[in-house]
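From just these sequences and the hints, can you work out the full model?
Listed in order, the protein sequences are those of chains A and B.
Take the first sequence: its letters are residues 1 to 111, numbered as in our numbering.
Take the second sequence: its letters are residues 1001 to 1115, numbered as in our numbering.
There's no promise every hint is true.
Simulated pairs of lysine-lysine, DSS-like, Cα-Cα distance not exceeding 30 Å [stated by the list, open to error]:
1. A:98 - A:51
2. A:51 - B:1101
3. B:1101 - B:1057
4. A:36 - B:1057
5. B:1101 - A:98
6. B:1057 - A:98
It is worth saying that the hints were derived from the structure and are not from the lab.
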Amino acid sequence: GQQLNQSPQSMFIQEGEDVSMNCTSSSIFNTWLWYKQEPGEGPVLLIALYKAGELTSNGRLTAQFGITRKDSFLNISASIPSDVGIYFCAGYTGTASKLTFGTGTRLQVTL
Amino acid sequence: DTGVSQDPRHKITKRGQNVTFRCDPISEHNRLYWYRQTLGQGPEFLTYFQNEAQLEKSRLLSDRFSAERPKGSFSTLEIQRTEQGDSAMYLCASSGSGLSKNIQYFGAGTRLSVL
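In structure tokens form, the structure reads like this:
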């Protein structure tokens, strides 16, 4: 099935560094969601975006809904070890009820 | 715990056996979704219920798969004659109606291993 393209695929960073990742699609999305998944668990919602250009923060996390509606970005500031996990973007096109997920960005944080 | 609950968390079965998974959504949510996730991939949509009505099914949902939500509350996903390719994490999610219908909350998943 269709999946969104996320980059980078993986990141190895030091504690305290900022992180940026993005998600792109060939289709227009009308909602973007960012989830974090840890091993053996389901995805946990981080941020939801509803309008083109929208910038939303959740603690150290900030996400943006791209103005073309074909991309979204997630930034994590001052990373800490518990930020380790796989970050997925997901979105809806049109009136679809199903979420289309990205390929994931695996984040590793070293001390 | 008022989140989405899935049971069992892990299931090991032999090829050819039938398996059934259960999902209990967040109590006030009328929409329920099933996804499948294989290693290194994002979740892929399988099917969706609004109340007891199954409104959408993915082409991934072969005729060996059947999902039900008989009373509009919990849902079951059955896989008949399991194959090794069915090995995956099966995730359930739920969402509310109105403005909150776009926010899907996921359970911890059922990891299926077919030997």
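May I ask which of the numbered hints given earlier this structure violates, with the numbers listed in increasing order? none
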